[in-house]
Amino acid sequence: MVNISVRLKYSRYRLDREAHIKVNYEKCRNCGRRACLTACPAQCYLPQPENGVVFNYEACLECGTCYIICDQGALNWNFPKGGCGISYRFA
Amino acid sequence: MSSNTFDVIIVGAGPAGTTAALILARKGLKVILIERGEFPGAKNMFGGALFGRVLDEIIPEYWAKAPVERFINRKIITLLAEDSAVSLDFNSAAFKQAPYNGFVVMRTRFDRWYAVEAVKAGAVLLTQTTVDDVIREGNQVVGVVARRAQGELRAKVVIAADGALSFLAQKAGLRKDFTPEQFSLGVKEVIQLPPGALEERFGLTGDEGLSNEYLGRMGDGLHGGAFLYTNKDSLSIGVVAQAHSLKEKQVTIYDALEKFKRHPAVAPLLEGGRFLEYSAHLIPEAGANMIPRLYTGGMLVTGNAAGLVLVGGVFLEGVNCAIASGRIAAETVLQAFEKGIFDKRAMAEYEARLKASFVLRDINRYKSAIPLLMNKRLYEVYPSFACRTLENWFTVDGTGHPKLAGMVKGLLGEDVGLWQLAGDGYQMGRALLW
Ligand SMILES: Cc1cc2nc3c(=O)[nH]c(=O)nc-3n(C[C@H](O)[C@H](O)[C@H](O)COP(=O)(O)OP(=O)(O)OC[C@H]3O[C@@H](n4cnc5c(N)ncnc54)[C@H](O)[C@@H]3O)c2cc1C
Ligand code: SF4
Ligand code: SF4
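Residue numbers (this note's numbering), protein chains in the order written: chain A, 1 to 91; chain B, 1001 to 1434.
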């Protein structure tokens, strides 16, 4: 198992004060598969003990994977404000 | 014209948008190119190969000016099993010479350079600006709304070049909702190697470079593949997984990448390397099955925003399709300006031109590769089958050396039957060969 957060320490971000993706946790609590937990390449979604998830936007790479796989309509998905979020240097 | 009014607004400074901006600005149109990143390229990642013949037509001998890493004269295709691999290694002298077949580039450098070329031609580049919506008047798109003060910008034509997730096409009502089957996710690491290691490990001299595509089961069951590209003195290495398998398998792509890096055929190549950066991006992979409506009155959709990527399993061509479609969009717009008509009928010319170009011809030609790439045996059975067959065939242990057909027959039936093999062989042939 890789600790992805260590990997992401090398990335350059400019954080927006506000999360660009808003999660309706109500829907997550009723979500059986919680596919976002493993599908997100930056591990932005973490499991809650029983059910549901918590979402941290800070490490998001803005790839859109959660947007296309969440089938519960829990996500209000937007790009960050211009200039905010990930800024690659070697991609 | 007021400062918020342009001839053409282009959203997204990737290869599609920048190409359109460059060509239109050269013809003297008032063009604005809007990019949400800190600079063009800051949000963009890809594997590594720019197939630049289309760019050579726009910027002759671009390789002498653009930040290219290495030309690609060697292309390796590898089938990957748990702890063995079988490769096809193609090396071309022709690919070492101008006009070159392709170059490895980094998007953070290339996209930035390319956008500056558009600015030199007269385009206005507005970075750090996210566009949220289109402005419509009746059936006509007449501008966009950017997320900033006085964010309403108007133009005769809007070109959506906003990449794989194209919210602009969605806002204009041109595309349907996405499904996971239409995308793959790619992640990549860039790894700095010790001086001289790259040349030594890959047998490269001067500016020679290579690409290696790997096909097989990734991690614990993801359908997809992996890639490796040689930069100047670093490696780009990554894993691609179909989004539906990410959803079904509950396996993370970063664990799959880690496993790939530990594979005995890969690990020695990375030895002594220093990790530089990790990145992630979606690839629209459904080809002809995901192309949105390409135009409406006052608006065109280009590049990834239009799903214009040629996917063949052992090749992936997106940047060249983006450049070509950006160019065709610009040519359509120029014709519209000559006539002074920007309605839906005038914009329809774009689709006709795309259909006549290699972009839609190739995407339609390789239509039958899409069901092949959804065939699970392509990842779960055949790569390991090929490796096991060769392993058995090449094993010298004093029990006798059977002929290949006998070996295959012996292994058949374990994972796949003869009829299935024949059926899949036919599917593969239809997809790539005839
Ligand atoms: C892992 C991976 C490997 C690949 N390998 C290859 C390869 O080796 N060779 C190849 O030819 N292709 C490859 N591709 C495909 C290729 O990267 C794409 O097809 C290509 O980048 C498409 O260009 P584009 O200009 O249409 O979109 P993009 O390059 O995605 O550019 C879109 C731009 O729009 C900006 N943008 C998006 N939304 C907004 C908004 N609302 N407001 C303002 N700006 C916005 C983005 O920041 C971005 O700069 C690969 C892709 C991936 C993910
Ligand atoms: S898949 Fe969607 S609904 Fe389910 S846990 Fe994740 S974000 Fe919530
Ligand atoms: S956009 Fe990508 S990186 Fe960001 S939370 Fe969704 S899956 Fe994770």
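In case anyone wonders, no lab produced these hints; they're calculated from the structure.
Predicted model only: the values in this text are computed from it and were never measured.
By construction, the Cβ of each residue, glycine as well, lies at the ideal position given by its N, Cα and C atoms.
Where hints are given, some of them may not hold.
What the hints assert, rightly or not - To list a few chain A residues with every Cβ distance to chain B over 10 Å, as calculated:
(1) Leu15
(2) Lys27
(3) Asn51
(4) Gly52
To be verified - Okay, the calculated bits of chain A under chain B, using three or more residues with CB under 8 Å as the criterion:
(5) 34-42
(6) 80-89
Outcome of the hint check:
Non-interface call for Leu15 (chain A) relative to chain B: holds, since the shortest CB-CB distance, roughly 13 Å, exceeds 10 Å. Against the 10 Å criterion, Lys27 (chain A) stays outside the reach of chain B, whose nearest CB is about 16 Å from its own CB. For Asn51 (chain A), the shortest C-beta to C-beta distance to chain B comes to about 15 Å, beyond the 10 Å cut-off, and the non-interface label holds. In this structure Gly52 (chain A) is separated from chain B by more than 10 Å, as the shortest Cβ-Cβ distance comes to about 17 Å.
As drawn, the region 34-42 of chain A meets chain B at 6 residues by the rule of a beta-carbon pair under 8 Å; at three or more, the given contact holds. Coverage of the region 80-89 of chain A by chain B holds [criterion: at least 3 residues with CB-CB distance below 8 Å; count 9].
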